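Using the sequences and the hints, build the whole thing.
What follows is each chain in one-letter form.
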Amino acid sequence: MKLENDPLNLIITGVGGQGNVLASQIVASAGIKEGLYVTVGETYGASQRGGAVMSHVRFSAKAQCSPLISEGQADIVVGMEPVEALRVMAEFGNAATRIIVNPRPIYPAWVLSGQATYPPIEEILGKLQDLAESVRVVRVAHDGETPPPANLLMVGALAASGTVPMEVASFEEAMREILAPKDLEANLRAFKKGAEAMASD
Amino acid sequence: MSTLTLDRPGQTVLMMGNEAIARGAIEAGVDFCAAYPGTPSSEIPESLARVAEHFGLYAEWSTNEIVALEAATAASLAGLRAIVAMKQNGVNVCADFLMTVNLSGTKGGLVIAACDDPSAISSSNEQDSRNFARFADLPLLEPATFQEAKDMTKWAFELSEKIGLPCILRSVTRISHSRGNVELGEIPERTRTAHFEGAYISGAFVPIQHSALHQKLAQAQEEFESSEFNWYAGPEDARFVVMTSGSGWLYSREAVAALGLENEVGILKLGTTWPLPERYVIEHLKRAKEVLIVEETDPFLEQNVKVLLAEQPETQDRIEVYGAKSGHLPGFGDINQDKVARALATIKGLEYRTRDEQYAKKAGELALPGLPPRMPTFCPGCPHRASLWAIKAALKLDGRNGFVTGDIGCYSLGAGPAGFWQLKTLHCMGAGTGLASGFGQLGRFGFDQPVVAVCGDSTFFHAAIPGLINARFNNSNVLMVVLDNGGTAMTGFQPHPSSGRDAVGKPAPVVEIEEICKAIGVDVAVRDPFEVDQAIEDLYDMLQNDGAKVMVFRRRCYLVEAKEKGKRRVYVNAEKCIGDDCGCARFCSRVFNCPGLIWDHDAQRARIDEVVCTGCGVCATLCPRGAIAVEGDER
Chain L
0 MKLENDPLNL
10 IITGVGGQGN
20 VLASQIVASA
30 GIKEGLYVTV
40 GETYGASQRG
50 GAVMSHVRFS
60 AKAQCSPLIS
70 EGQADIVVGM
80 EPVEALRVMA
90 EFGNAATRII
100 VNPRPIYPAW
110 VLSGQATYPP
120 IEEILGKLQD
130 LAESVRVVRV
140 AHDGETPPPA
150 NLLMVGALAA
160 SGTVPMEVAS
170 FEEAMREILA
180 PKDLEANLRA
190 FKKGAEAMAS
200 D
Chain G
0 MSTLTLDRPG
10 QTVLMMGNEA
20 IARGAIEAGV
30 DFCAAYPGTP
40 SSEIPESLAR
50 VAEHFGLYAE
60 WSTNEIVALE
70 AATAASLAGL
80 RAIVAMKQNG
90 VNVCADFLMT
100 VNLSGTKGGL
110 VIAACDDPSA
120 ISSSNEQDSR
130 NFARFADLPL
140 LEPATFQEAK
150 DMTKWAFELS
160 EKIGLPCILR
170 SVTRISHSRG
180 NVELGEIPER
190 TRTAHFEGAY
200 ISGAFVPIQH
210 SALHQKLAQA
220 QEEFESSEFN
230 WYAGPEDARF
240 VVMTSGSGWL
250 YSREAVAALG
260 LENEVGILKL
270 GTTWPLPERY
280 VIEHLKRAKE
290 VLIVEETDPF
300 LEQNVKVLLA
310 EQPETQDRIE
320 VYGAKSGHLP
330 GFGDINQDKV
340 ARALATIKGL
350 EYRTRDEQYA
360 KKAGELALPG
370 LPPRMPTFCP
380 GCPHRASLWA
390 IKAALKLDGR
400 NGFVTGDIGC
410 YSLGAGPAGF
420 WQLKTLHCMG
430 AGTGLASGFG
440 QLGRFGFDQP
450 VVAVCGDSTF
460 FHAAIPGLIN
470 ARFNNSNVLM
480 VVLDNGGTAM
490 TGFQPHPSSG
500 RDAVGKPAPV
510 VEIEEICKAI
520 GVDVAVRDPF
530 EVDQAIEDLY
540 DMLQNDGAKV
550 MVFRRRCYLV
560 EAKEKGKRRV
570 YVNAEKCIGD
580 DCGCARFCSR
590 VFNCPGLIWD
600 HDAQRARIDE
610 VVCTGCGVCA
620 TLCPRGAIAV
630 EGDER
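These protein sequence lines are chains L and G, in that order. Going by numbering that gives the first Met the number 0, 49 is the number at position 50 of the first sequence; the sequence numbering is gapless. Going by numbering that gives the first Met the number 0, 443 is the number at position 444 of the second sequence; the sequence numbering is gapless.
Quick caveat, the hints were computed from the structure, so don't treat them as lab data. The reader is advised that the hints may include incorrect statements.
[What the hints assert, rightly or not] Sample of chain G residues at the chain L side, in silico, Cβ under 10 Å:
hint: 1; residue: A362
hint: 2; residue: F377
hint: 3; residue: V531
Note that the coordinates shown come from a computational prediction; the quantities given were computed from them, not determined experimentally. Positions of the beta carbon are idealized from the N, C-alpha and C atoms, including for glycine.
Below, the structure is given as structure tokens:
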């Protein structure tokens, strides 16, 4: 396989507890299944404790990449949380970056305690638009049930977005290998929901 | 199927560096694994414990790192292959045994995986454990890729067996916790049986043993001269060589490529860094005029190479060495390809830029202002939040400027806003209790403040018991609070001696914390920190007593509880919450500050974020209006 950009740099960002690590693991496994070198660098030192989490996923047809993306070198940003997508753009974005974002905020502790305010969601999306080549917002109806897990929802959206070279089937195969059987169905459902949201966008 | 058990040699899979180390041990036919959890090393023993039954190997969580190393060494002395894994601080805990087992030597392959945490992403310090290899005269290997993490681990067992010494495999966070391609090798049949004979006595004729150790190390050095883990990439006659080890290899390769210097700069990549393969290094540096040394974290390779160069005949041209000493690389923190490229660019007089300056300016101005910071905090439902609230309240009631000495675990976050800034000291495992036992003696010098030492349940077993015994023996005025959440939570909730299960998940005998305290002879009470008022009252009472005493705040990590038992719905009764008219000053969201509690700006009322909330319900006991309720448990 030949990549248009080699390496192709993807950042998946969110908040501890959203399942960043699992999302990056599935995306990377799908890449390896298609014969690519994939490196995933994680920043999850304090992930379980509500900190910002970022996974750098780097695809190459030529060689194993280092685990970190250089400043300004993100080709794709998947934001599981909108403010975190903006934070990532400040450091890793460039004019050609494509963004896929979940618009549901998770409020930082300082916002809850009143020491900081959370910007209006439309303002965040507007800024993302200003900084990137494209912004695709993944909106899903909740149907009254618990919202689907953000990580697989966003992986589904990524798989259907045409920004990464892997087939949807490779993602599903990776999920079957990585996920515990009891979690598989709910996660496949979230994955499909994300993919559908992208298709109808 | 797990990539650890997958028996398909030649297949390429995605593996975390730590999983690759575990897989390397499996491909070496490892028999025995012992460890104490510590980021970024925990996935090595966790992976081996997961497949222990499948392969018939033994895996345990030991009470601390020195015990783990001693236990693993026993397996080695009986002829088995054993691995221990630990974070950098754990190597310090091992140091005493390390500095004697080097003299006695070992038999079966023994590998010490030391995982350093440059930039202290999840640590209370950053230290370069490679110094221990030089200190203890032990061979040192540094994997540079995920593939090497596996292959080098396998070879480390063979080397250890060959020379009769433990072998240190040094990883760093960016290797251990990153993932990449690994081509699987064969899994051998395990056929070794354990039998001890001979004697391994350190301390008999020490100078002779020390000399023998140097000979063993020379033997390792000879092996290193032809190791497949050392290589040179680049033009034959390069005048400029980047010399690197471990994580530095990938960064160096990308930095050289980003600056378009592939045709003039060579890279000498070493996987075997102590002792240095001297002939190999000199052979590849003999045409160089300049060398940049790239490594994490200390200038370890840099200093060793400088010593080597100083020993060369005077006829050889002087080589300029750049690195931490010259200020081109930091010598602290982690590194990346940008730091390496900037160092190279500075030396070469080039410019290095990774994005358009105008865009960078715009991105900074547009994205960053008004962006709320996201500080790490206790998880929703974390019992430590309630425990530290109770400690804060009890110390305030007491009114004598009491303070808390801290320890290592999730509750270390109590030094910041998450724990109401309660922890005033923080060092290493067990230090909180040791410090408190000292503070508790200072009354004779006019010291009149009560001292509370906090420590986790796992930390209690690891390192706090000697401090508590010291406080009892010397009659120190100390209140130790054990924050017992049922597991080693910080590193992924691994079991410990009072968890009731072992590393592979089987039932295990329970060592009760309060029974140990009773045996030591101190007063001990056990309370639920979610019964906050009672907890405050009893803590206050204990603070009034002299001598050493222990309060155990027992409440299971609620993330684990909610995962196992399902979460209860907690909600705000909109009729009872009267918002800012209450006078509580938004206690739940502003002061107690659990991430599940949010302030609804439209309704001007408190609200629960149902996605984030774990359903612990402690906020229901704290709300002064009783406006928060747990479904099915309305009071």
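Exercise for review: Using Cβ atoms only, decide whether A362(G) comes closer than 10 Å to chain L, and label the hint accordingly.
Suggested key: With a closest approach of 5 Å, the A362(G) hint holds.
Review point. Do the numbers back the hint for F377(G), that is, is its least Cβ distance to chain L under 10 Å?
Key: holds, 6 Å
Review point. Should the interface hint for V531(G) be scored as holding, given a Cβ-Cβ cut-off of 10 Å against chain L?
Key: violated, 19 Å
In this structure, the one hint that does not hold is number 3.
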